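Engineer: Whole structure, please, built from the sequences with the hints as guidance.
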Amino acid sequence: MNNGDKSCYKCSHAPNFRSSKRHPPLHRNSEQTRQTLVSMNCTFQKTFSKARPLLAVGCALIAAFAFAGCASIPSESVALSRGIGDGMQKQQQAHIALVNLFFNEKKWKLDNWIEDVYAPEFIKNFREALKAKGENPDVFTGEMMSGIVIRIVKARDQRQAELDKARIAIIERLNANYGVLIRANAELTALLESAVKVNESTSSLLASVKEGTVGKIDLEEIGKKFDEQLLKAGNAADTTIGFYESVQELIGK
Amino acid sequence: MTDEELQELLDEAEKKTNESLAKLSSLTDSELEVLVPSGIDQKAMNELIEIVQAATRSTEQKAKAIKSIANLTDLALKLAKKAATA
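Residue numbers (the working numbering), protein chains in the order written: chain B, 1 to 253; chain A, 254 to 339.
Keep in mind the hints are simulated off the structure, nothing from the lab.
Don't take every hint at face value.
What the hints assert, rightly or not - Derived pair list, reagent style SDA-like, types lysine to any residue, alpha-carbon separation capped at 20 angstroms:
| id | chain 1 | residue 1 | chain 2 | residue 2 |
| --- | --- | --- | --- | --- |
| 1 | B | LYS133 | A | LYS296 |
| 2 | B | LYS109 | A | VAL287 |
| 3 | B | LYS210 | A | ASP327 |
| 4 | A | LYS334 | B | SER208 |
| 5 | B | LYS124 | A | LYS320 |
| 6 | A | LYS268 | B | GLU162 |
| 7 | B | LYS210 | A | LYS334 |
| 8 | A | LYS268 | B | SER146 |
| 9 | A | LYS296 | B | ASN185 |
| 10 | A | LYS269 | B | MET145 |
| 11 | A | LYS317 | B | SER75 |
| 12 | A | LYS320 | B | SER75 |
| 13 | A | LYS269 | B | ARG156 |
To be verified - Covered by chain B, according to a simulated footprint, are these stretches of chain A (three or more residues, beta-carbon under 8 angstroms):
| id | region |
| --- | --- |
| 14 | 260–266 |
| 15 | 326–334 |
To be verified - Which residues of chain B face chain A? A few of them, derived with a C-beta cut under 7 angstroms, are:
| id | residue |
| --- | --- |
| 16 | GLU121 |
| 17 | ASN125 |
| 18 | ARG151 |
| 19 | ILE170 |
| 20 | LEU174 |
| 21 | ALA184 |
| 22 | ASN185 |
| 23 | VAL198 |
| 24 | GLY212 |
Keep in mind that this is a model prediction, so the values were computed, not measured.
Where is the CB? At the ideal position from N, CA and C, for every residue including glycine.
Structural biologist: Next up, the structure:
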């Protein structure tokens, strides 16, 4: 076992620094673990020893890899989410148009109702009031006709104003509901977009490491293997052992 | 008949007519439910939106951090290559 094999597995310190006072205190307590790894004659360590100038970069990348997480979010998810947002806006417009149509229909029905039901009922009641006053219920003067028409038009306008008020209240409520939904979707789109950015940055980072180490260290492949082990393994110990073997295979190729 | 008497008769006829027909033009509850479905808790939605906004800010920072690391890695790799060939 040469000196290179015995170098610290956590950093690039040379063996002669290992037991000296200059060695970082954080690593001094991990002597037993280090010994175990050294005795296993780990290929992983060998590779790192050969690529010592890149070790610091590798550590940073592993940290970044763990930082980024393993879940893969396709960039199409952003387009899909935007599509949902656009669809919601179109639905909102269609919904409002439908409400307006509904109220136009209501107004048309109201006009008919005033003509066919309200006006005859009003005239009948007016005749009864005339009769009760001792007047002739079959003779309407000009003033009477004018008074009746004014009252009927007023009744129609009041009801139409109520319908309009209801229509506006419903549209305001609809706009508020759609507003919240559209905003929520926009926030999710932004979240997906930033997650995709993280994925893209991580991929470019991993690709540059692969290129820089002439394909010897493929962190993306290591990450995939780790994901596979996580899915397969029943407990944490199995995961670690299986993952370690996979990494050995990968860097030994 | 005076104008005042006529107005009284018209008031009486209007009152009777409204009493018998008032409800015919109003919206029913089922119509309202179809037009504006209830059940969107705007307060809860806004709270969730704030949580997602915070997550987005954090993820954006994460993306920036990884990009910086990528740039540094690129630089370090170039320097290492130069050092190896020198």
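Engineer: Is the straight-line distance between the alpha-carbon of A:LYS296 and that of B:ASN185 20 angstroms or less?
Structural biologist: holds, 16 angstroms
Engineer: Under the criterion that the straight-line Cα-Cα distance not exceed 20 angstroms, is the pair B:LYS210, A:ASP327 satisfied?
Structural biologist: Satisfied, since the Cα-Cα distance of roughly 11 angstroms is no more than 20 angstroms.
Engineer: Regarding the hint that B:ILE170 lies at the interface with chain A, is the smallest CB-CB distance below 7 angstroms?
Structural biologist: holds, 5 angstroms
Engineer: Have a go at the B:GLU121 hint: is there a Cβ in chain A nearer than 7 angstroms to its own Cβ?
Structural biologist: Because about 5 angstroms separates B:GLU121 from the closest Cβ in chain A, which is inside the 7 angstroms limit, the hint holds.
Engineer: Is the interface hint for B:GLY212 satisfied, with its Cβ closer than 7 angstroms to some Cβ of chain A?
Structural biologist: This interface hint holds because 4 angstroms falls under the 7 angstroms limit.
Engineer: Hold the hint about B:ALA184 up to the distance rule: shortest CB distance to chain A must be less than 7 angstroms.
Structural biologist: holds, 5 angstroms
Engineer: Taken at face value, is the distance from the CA of A:VAL287 to the CA of B:LYS109 at most 20 angstroms?
Structural biologist: Holds. B:LYS109 to A:VAL287 sits at ~19 angstroms (cutoff 20 angstroms).
Engineer: Answer holds if the nearest beta-carbon of chain A is closer than 7 angstroms to that of B:ASN125; otherwise answer violated.
Structural biologist: holds, 4 angstroms
Engineer: Is the Cα-Cα distance between A:LYS269 and B:MET145 20 angstroms or less?
Structural biologist: Holds, because 18 angstroms separates the two Cα atoms, which is no more than 20 angstroms.
Engineer: Would you check the hint for B:LYS133 and A:LYS296, treating anything up to 20 angstroms between C-alpha atoms as holding?
Structural biologist: Status violated; Cα separation ~60 angstroms.
Engineer: Does the alpha-carbon distance linking A:LYS268 and B:SER146 stay inside the 20 angstroms limit?
Structural biologist: Status holds; Cα separation ~18 angstroms.
Engineer: Check the hint pairing A:LYS268 with B:GLU162 against an upper bound of 20 angstroms on the C-alpha distance.
Structural biologist: holds, 18 angstroms
Checked against the numbered hints above, the structure violates hints 1, 5, 22; every other hint is satisfied.
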